[in-house]
Amino acid sequence: MKIIILGAGQVGGTLAEHLANEQNDITVVDTDAEKLRTLQDRLDIGTVVGGASHPNTLYKAGADDADMLIAVTNSDEINMMACQVAHTLYNTPTKISRVRSPNYLAHQEQLFNPGNVPVDVIIGPEQLVTNNIRQLIGNPGALQVLDFADGKVQLVAVRAYYGGPIVGQELQEIRKHMPQVDTRVAAIFRQDRPIIPEGNTVVEVDDEVFFIAARKHIRAVMSELRKVDKPYKRVMIAGGGNIGATLAQSIDGQYQVKVIEKSYSRCRVLSERLKHSIVLCGSAAEPQLLTAENIENTDVFCALTNNDESNIMMSMLAKRMGAKKVITLITNSAYAELVGDEIDIAISPQQITIGSLLTHVRRGDISNVHSLRRGAAEAIELTAHGDAYSSKVVGRRLDEINLPDGVTIGAIVRGSEVLIAHGHVVVEPNDHVILFLVDRSRISAVEKLFAVGFGFFS
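Offset between the sequence shown (1-based) and the working numbering: plus 604.
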């Protein structure tokens, strides 16, 4: 596809890298010539220096024959105006815009349609990040929790701990331990190296294990790999900006929530919005404040300011002072690589946003894309189409499908039924197939596998 990306920031640059490596024709637009030069030095892409919403800039970028425009500049207004210009002047078929402001998102249905602001897909990073953190709070002990098929199936990452019933044993023992629970381990990362699991694979202490199961079985499977944490009760949020406020609102009343925010005027706004939470004016980098607010009894500390360095330092302080779990928002990927034992989970808004964007960009009927392990791996949900003659997948048992190296099928969702992937399961038309790719470079091979053609003769 011919795709124009507006904005060469972290999201735009990372998205360009993903898509350029998948044989797309990519042009990136930004006002910063140096950023564009850096991108072009390492990627096979086109670049245009100019204002993202200006008609002549969009024309130079090829908007008149582009298949898709993705607006991810730092300005909601520029993103929306660029979509309007591309629609009115160049009739660009698909327009995707990042919109951050809750004021716009509150009126999403009325604003964003062809008759008003012609944006086909809205990406709201704050809401995506909030959903991600809320899943982690709701699943104590998980490193990552991802929904598929409208939440019927979840992919969960956990760290295998000494003493877990299955740790030190072969994976096939899980069925003996839990005969009523069906699950599949999709991948194991051991010292950052991926392992495609077989029945005789032995789980070792400190392995990062990705397993897939029906939502109702997640807690039972987690108990096989580690001591299951008690449900969380007390949550402390450092930072009352968009993400902190959205998270606090989404869990207000479900947990005992405290929000720490520096700005007094912002605290007043938050205290009016939050009916059950406590809002504190101050800095979470102050040990006296954390002590006064019983940090040692806090189940989850979330550092969600817009400053990476502050988030990291506050998280380390909270952990040392007794917080049981620390979740830290980190936008700089270089910092994420440096995170040590004192930060339990680093949240990357870029990777979460990119997963959502890729859902709409990838070829085939894709419902979900989740970017994992800082973009190295992916989990995707594809709908199978065709029949045994036109498809390489439909009408075949899973053990007959020639999957690319490093790709596993975790589950199939058929209507309301969840089928965990076993060799005898046959793929039917319109099944939602959930796959795990330990190497995202295999995505083109997966798209070809699911393409409808003449599968019987291939």
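I should point out that these hints are in silico values taken from the structure, not numbers from a laboratory.
Accuracy of the hints is not assured; some may be wrong.
[Stated by the list, open to error] With a Cα cut of at most 20 angstroms, we get these calculated EDC-like pairs of lysine to aspartate or glutamate:
hint: 1; residue 1: K831; residue 2: D1003
hint: 2; residue 1: K837; residue 2: E812
hint: 3; residue 1: K780; residue 2: D796
[Unchecked claim] Cβ-Cβ distance ranges computed for the label pairs, FRET-style:
hint: 4; residue 1: H658; residue 2: V809; range: 52 to 62 angstroms
hint: 5; residue 1: A637; residue 2: N707; range: 42 to 52 angstroms
hint: 6; residue 1: N695; residue 2: G654; range: 34 to 44 angstroms
hint: 7; residue 1: Y766; residue 2: G742; range: 48 to 58 angstroms
hint: 8; residue 1: K866; residue 2: D629; range: 42 to 52 angstroms
Every residue, glycine too, gets a C-beta built ideally from N, C-alpha and C.
Hint-by-hint comparison with the structure:
{"no.": "1", "hint": "K831 <-> D1003", "in the structure": "violated, 33 angstroms"}
{"no.": "2", "hint": "K837 <-> E812", "in the structure": "violated, 26 angstroms"}
{"no.": "3", "hint": "K780 <-> D796", "in the structure": "violated, 29 angstroms"}
{"no.": "4", "hint": "H658 <-> V809: 52 to 62 angstroms", "in the structure": "holds, 56 angstroms"}
{"no.": "5", "hint": "A637 <-> N707: 42 to 52 angstroms", "in the structure": "violated, 32 angstroms"}
{"no.": "6", "hint": "N695 <-> G654: 34 to 44 angstroms", "in the structure": "violated, 20 angstroms"}
{"no.": "7", "hint": "Y766 <-> G742: 48 to 58 angstroms", "in the structure": "violated, 25 angstroms"}
{"no.": "8", "hint": "K866 <-> D629: 42 to 52 angstroms", "in the structure": "holds, 45 angstroms"}
Hints 1, 2, 3, 5, 6, 7 from the earlier list are contradicted by this structure; the remaining hints agree with it.
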